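Chains A and B are the protein sequences, given in the same order. Counting from 1, one number per residue, gives the positions in the first sequence under our numbering. Counting from 1, one number per residue, gives the positions in the second sequence under our numbering.
Everything labelled a hint here was simulated from the structure, so no lab data went into it. Everything numeric in this text was worked out from a predicted model, so none of it was measured. Think of the CB as a built atom: it goes at the ideal place given N, C-alpha and C, for glycine as much as any other residue. Heads up, some of the hints might be wrong.
Facing chain B, from chain A, some residues (calculated, C-beta under 10 Å) [to be verified]:
id: 1; residue: Phe-70
id: 2; residue: Asn-133
id: 3; residue: Leu-135
id: 4; residue: Leu-136
id: 5; residue: Gly-137
Going by beta-carbon spacing under 10 Å, a handful of chain B positions derived as facing chain A [claimed, not checked]:
id: 6; residue: Pro-64
id: 7; residue: Gly-68
id: 8; residue: Ile-72
id: 9; residue: Leu-96
id: 10; residue: Ile-140
id: 11; residue: Leu-146
id: 12; residue: Ala-166
id: 13; residue: Ala-355
Derived DSBU-like pairs: lysine-lysine, alpha-carbon spacing no greater than 30 Å straight-line [as the list claims (entries may be wrong)]:
id: 14; chain 1: B; residue 1: Lys-53; chain 2: B; residue 2: Lys-85
id: 15; chain 1: A; residue 1: Lys-167; chain 2: B; residue 2: Lys-155
id: 16; chain 1: A; residue 1: Lys-167; chain 2: B; residue 2: Lys-337
id: 17; chain 1: B; residue 1: Lys-53; chain 2: B; residue 2: Lys-81
id: 18; chain 1: B; residue 1: Lys-53; chain 2: B; residue 2: Lys-155
id: 19; chain 1: B; residue 1: Lys-155; chain 2: B; residue 2: Lys-85
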Amino acid sequence: MSDAAFALTAFFMVAAALWAVTANNVLHAALGLIAAFFATAVLYLGLRAEFLAVAQVLVYIGGVVVFVVFTILLTSRLGDEILRPSLWRVLLGVLFAGAFFALGALMLSRAGDLLEGAGLAPEEYGSLMAVGNKLLGMGEGGLLLPFEVVSVLLLACVIGAIAVARKPEDDE
Amino acid sequence: MDYIQTTNFIGDWVRGLGLPWGLDRAVNGILGALTIAGVVMAGATLLVWVERKVSALIQSRLGPMRVGPWGILQSVADILKLLVKEILVPNGADRLVYFLAPMLPLTAAFMVLAVIPFGPTLQVANPDLGVPYLIAMGGIGVLGILIGGWASNNKFSLLGSLRSGAQMVSYEISVAVILLFITLVSGTTDLRTLVLTQQGTVLDWWVFKVPGLGLAAFVLYLISSTAELNRAPFDIAEAEQEIAAGYHTEYSGMGFAMFFLAEYGNLIASAGVAATCFLGGFLPPAIGVPAVDRALFAVPGLVWFALKVAALILGYMWFRWTFPRPRVDQLMALEWKFLLPVNLGLLSLGALFTAMGWVLP
């Protein structure tokens, strides 16, 4: 990815993210989020992480945002009134965002030497084959055990959701 | 079996021009994108007419007869009408979202068609991650329908888009599981290689190659994709007798035309995916007799692909006009209580068959 392409994508991404947090309309905020996620996928493609890019679109746009939009559709419309957060909340938000930004900047400045020599990932590094072998590998660096633990956690979530949503037997 | 053509007339000619700065790749890309746009426009126009004729024949009617011979220009006339029709925006609609929504399903259809191999050398792009890419694009179409219904500021539209969102999200899972099954048995996610794994005779197509399972997966794919396309008998999203026209009730003129175009574009894309994954894509139905096979391979791959897609689309239309419609709850129960468990079982069996080598040679 050339510097110009990176700058363009990053600018688009930051603009979309800003739109997502400043839009008065919740659905517009969701659209901003979609645009930001898409730009992230483009950045991943630029880093030769093809699988990550497809997973980003699949999970975040096709999954998370679709359910966010679903939730917005199910809530009654707020009308045209603009919700103004209280000053206290704005200050708290700025404080936390600033702290997070500072943390990131600190980490990047410390890691300067590491980033110096970093280039593109080698060919095939982010391909489906490589990711699959790493994720389901049992040997050195294989992530099979964490993968299985996460699967059990997700299974527990699904069963929990069914238990919560289930109608009582005598309700039929 | 080395009859497969490896030259692309226009593509090679552009590459041979010696354009600077990789301009030839840009030119070929643009030509490919324009071709896809042409395929969708012309295909949708033709399919609207075919659908009306098929429905008429099934119901012992004549269908459109007045415009052109056998009414073949009927949909051209309809499209001209849609082009000049006034675009009405309902009161209180969210204009930005209202105009953005019809574009998303059409974009999704184009994005899917861009990776379908129409012929041995006819494919706009061939990503290594073809199958995950197909699954990822499905989500974008759903978004358009969801936000379109919301932006219309109409209760019928909102109900329609909620129903359709629930339906498409659910059936997408089934389609994804079946595509995973194909990835599992073929060992590739790259769609062109996926077609090339089916070289040989008709028995090497994935629908027959995995005994029994392939056919089951094919039938399940047809059911799930009919539902994902929001087509009758699963047209819960529109359900004319219940919620007017669902998510596109408030759309007129080109807004409606784009939703309509997307519906048929997605139909072509879905049939194309089925032909690629199960029916050998651009490969001819070879039977193993050298003399016959040579003649079959002499026909361009595009023709075979088009014939398969046309047959599949006629099948989709046949379902539409033959089966009664399930209710909303029956539709969701069908997916979550029947299709999804069956598909997961199919995936497990596919893993077993692949591990044990119970695949036809």
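Q) Hint numbers the structure violates, sorted upward? A) 2, 3, 4, 5, 6, 7, 8, 13 and 18
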